[in-house]
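I would like the entire structure built from these sequences, with the hints used as guidance.
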Amino acid sequence: MHDVTATLDITHEVCPMTYVRTKLKLESLGAGAVLEVFIKGDEPLKNVPRSAREEGHEVLALEVQPDGSHRLLLRKHER
Amino acid sequence: MALREDQILRYSRQILLKDVGGRGQEALLEGGARLEGSGPAGLTAAAYLAAGGTPVAASEARLGPAAVGFLISEEDVGQPAAEVLGRVLPEVNPDAVHPQAGGRIAELPAAWNGEAPWVALGGDGTRGAVVFRGSQGCMWCFGETVRTLGSPPTGVLGVALGALGALAFQRLRLGMGPELGGRWLAAPGQVAELELRRCARCQVAR
Numbered sequence: 169m170h171d172v173t174a175t176l177d178i179t180h181e182v183c184p185m186t187y188v189r190t191k192l193k194l195e196s197l198g199a200g201a202v203l204e205v206f207i208k209g210d211e212p213l214k215n216v217p218r219s220a221r222e223e224g225h226e227v228l229a230l231e232v233q234p235d236g237s238h239r240l241l242l243r244k245h246e247r
Numbered sequence: 003m004a005l006r007e008d009q010i011l012r013y014s015r016q017i018l019l020k021d022v023g024g025r026g027q028e029a030l031l032e033g034g035a036r037l038e039g040s041g042p043a044g045l046t047a048a049a050y051l052a053a054g055g056t057p058v059a060a061s062e063a064r065l066g067p068a069a070v071g072f073l074i075s076e077e078d079v080g081q082p083a084a085e086v087l088g089r090v091l092p093e094v095n096p097d098a099v100h101p102q103a104g105g106r107i108a109e110l111p112a113a114w115n116g117e118a119p120w121v122a123l124g125g126d127g128t129r130g131a132v133v134f135r136g137s138q139g140c141m142w143c144f145g146e147t148v149r150t151l152g153s154p155p156t157g158v159l160g161v162a163l164g165a166l167g168a169l170a171f172q173r174l175r176l177g178m179g180p181e182l183g184g185r186w187l188a189a190p191g192q193v194a195e196l197e198l199r200r201c202a203r204c205q206v207a208r
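In the order they appear, the protein sequences are chains A and B. Position in the first sequence (first residue = 1) + 168 = my numbering. Position in the second sequence (first residue = 1) + 2 = my numbering.
Any given hint might turn out to be false.
Said to hold, decoys possible - Below, a list of computed lysine-lysine pairs in the DSS-like style, where the Cα atoms sit at most 25 Å apart: (1) A/K214 to A/K193; (2) A/K193 to A/K208; (3) A/K193 to B/K20; (4) B/K20 to A/K208; (5) B/K20 to A/K214.
Said to hold, decoys possible - Selected chain B positions facing chain A (in silico; Cβ < 7 Å): (6) Q16; (7) I17; (8) L18; (9) K20; (10) G23; (11) G71.
In case anyone wonders, no lab produced these hints; they're calculated from the structure. All figures in this text were calculated on a predicted structure; none of them were measured in a lab. Where a beta carbon is used, it is the ideal one built from N, C-alpha and C, also for glycine.
Pasting the structure below:
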């Protein structure tokens, strides 16, 4: 289990706003913070974790929810 | 400053860039640029900077026939650049309305003073040249280099040079190095390193 610092719901967003919202939220958090992101749809499911990894953040978990959406846990990089 | 919702939507593709993000976009919006020159290179740079969120102030120099293009109409020829750009740039981006203190982007020949970034748009008769300097870059080496260059090209190469100059300005505004450098532009997309001329002090230091 990870202590969640902040939560972001982007289930109503479409690309590229899904990662824009995620990136802005990560910027607002301190290094090492854990962001919980709720995602819906194939494209953000693929793109958001990939973009987060490319920017140096750690993907801690990606879990399917009962309604078919996904819960992504990201740890903000230490830089 | 915090980005407004309409700004997050407008600049979303810049925010996505790894080296920009929300903080970088805020920096682009907060700083201004002073434009000297009214050829294709300078006006293209002004449009790119304004579109990216950086307010641009132009000089009082009057626009010549070479200024006519996508920003400037034939009716604007003879009008002060500051007045015309003050009218048309907010149509490109309403955030570009209030020019603030900041850097300078100029078509050569030009005088250089004030706050960095400094971006010079010039050429050697066949190629375009961009020389740039951040606040930590040697202003004497910058001066030695731009002194040897002539006016920027016109036409398509001038437009491409203006876009490259705007990019150099934005990189410096975002704190991205190098603090001093130059690039030749032989044709749109054909970029090569421009070797800087060193001032006497920097020559000794090397």
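Against the structure, the hints:
no.: 1; hint: A/K214 to A/K193; in the structure: holds, 19 Å
no.: 2; hint: A/K193 to A/K208; in the structure: holds, 18 Å
no.: 3; hint: A/K193 to B/K20; in the structure: holds, 14 Å
no.: 4; hint: B/K20 to A/K208; in the structure: holds, 24 Å
no.: 5; hint: B/K20 to A/K214; in the structure: holds, 18 Å
no.: 6; hint: Q16; in the structure: violated, 10 Å
no.: 7; hint: I17; in the structure: holds, 5 Å
no.: 8; hint: L18; in the structure: holds, 6 Å
no.: 9; hint: K20; in the structure: holds, 6 Å
no.: 10; hint: G23; in the structure: holds, 6 Å
no.: 11; hint: G71; in the structure: violated, 30 Å
Going through the hint list in order, the structure does not satisfy hints 6 and 11.
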